[in-house]
Amino acid sequence: MILSDYIPGTGLLWRLPPGSKLLALAALGTLLLAVPRLDLAALTFAAVIALYLGSGLGWRVIWRILRPMLVILAVIAGAQWWLFDALSAAMVALRLAALLLFASLVTLTTRASDMIAAFERALFWLRPLGVNPAKVSLALSLALRFIPVLGAITAEVREAQRARGLERSVIATAVPVIVRLLKMADDIADAIEARGYDPAPQSPRPTGDTRP
Amino acid sequence: MIELRDVTHRYGERVVLQDLSLRLEERRVAVIGGNGSGKSSFARLLNGLQLPSEGQVLIDGLDTRTEGKAVRRRVGFVFQNPDNQIVFPVVEEDLAFGLKNLRLPRDEIRARVESALARYDLTELREHPAHLLSGGQKQLLALAGVMAMAPAHIVFDEPTTLLDLRNKRRVARAIAELPQNVVMISHDLELLRDFDRVIVLDEGRIVADDRPGPAIDFYERRMA
Ligand SMILES: Nc1ncnc2c1ncn2[C@@H]1O[C@H](COP(=O)(O)OP(=O)(O)O)[C@@H](O)[C@H]1O
Ligand SMILES: [Mg+2]
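Sequences listed follow chains V and W, in order. Each residue of the first sequence is one higher than the one before, starting from 1 at the first, in the numbering used here. Each residue of the second sequence is one higher than the one before, starting from 1 at the first, in the numbering used here.
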């Protein structure tokens, strides 16, 4: 699940609390796995497609999500066909596609920060075990923020090495990347401190809109 | 007012700032000096990111050693690399981070985020992933995040070094417009021409402390 795929919007799906969307996803997954029937899988698949189109997310978005999965779907369906029959192959493929699309629908309509806030509220109940929800949620935000930066750094290092005629080598790339990451981590820690971060546990935020 | 009393700073054995005593009362103070002369260490002492090995640093009378939290509320800090000071994936979330740390009420946070976005031309980009901003926009976002916290002083450590000329000018203009007291470390000597005071550091000592004209001349002759 890619958390940073949010598409800004104002429809019903965007306004639903993130916790309820995650619960719906879990419920749907359980239902589809517990009741392996072709009609149910097909119905769910159609319903999810309808949700996309109804919320203004068109076929292009659906295609963008399904395309990278087509090979895997084909392999799984092919194996089912070979092991069992065409009907069960269709059932399995439709079920997987429906779940995939529904999971993406959740991330497409939920801002990463709201998703994180939902996790934070859920984690609040783990506080007696020594879990500090504020810290966990900051860590998740940082991960989302810096994953693209990590990609950019790796690309830069590769480029510099290629310019000097160095062949592709995992170690030769990893070492400078890690050195830069450690330096970066220091700077980020300073920046967080300079902006007055105080991880003292707070009461959970009220549910609903957590935008600033 | 920022005051240093007999401040010496070391990393292990190595002395990086030696016996500094200073009062900074001007609105625009710059610190210049060669690489490794101790500028960043100096800047980091001013908001308690670092505590002096010896001596005291006082911000409006608050000692950074004993009043760290209050000091950080009074002194904002903008770093050299804009990439490493934006900690949230989306523009407006990052703006809100410092404000949430101040434990402000939600309406107040919302209002301050709005005005900071508008002030730095970021309103259109509010839901934009931070990593897709240009270098100049990132530095403006970092500045906006600090500004929104309404500190009394803002310290800049080479805020324009990594920017291209156009973004340098844009960030410089934003800094010039700040109502706050500013202490700025910089290699962009052009930016300092209308400062009130320029301090030149060399190997952890103050070798010049003057109006920009004479101080910059001194520095250029010394570096030549
Ligand atoms: N965390 C640190 N640990 C050890 N030495 C450091 C550290 N930070 C800076 N130094 C050293 O202190 C000296 C001054 O550094 P710094 O204040 O960053 O100078 P400037 O910003 O003027 O380049 C340099 O020689 C640097 O190598
Ligand atoms: Mg420096």
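One or more of the hints may lead you astray.
What the hints assert, rightly or not - Here's a subset of chain W near chain V, in silico, CB distances under 10 Å, partners left out: (1) Ser21; (2) Gly48; (3) Val75; (4) Asp94; (5) Val155.
Derived from the structure by calculation, the hints contain no laboratory data. Treat the numbers as computed from the prediction; the structure is a model and nothing was measured. Think of the CB as a built atom: it goes at the ideal place given N, C-alpha and C, for glycine as much as any other residue.
Note to self: To test your reading of the hints: which numbers does this structure violate?
What the structure shows: 1
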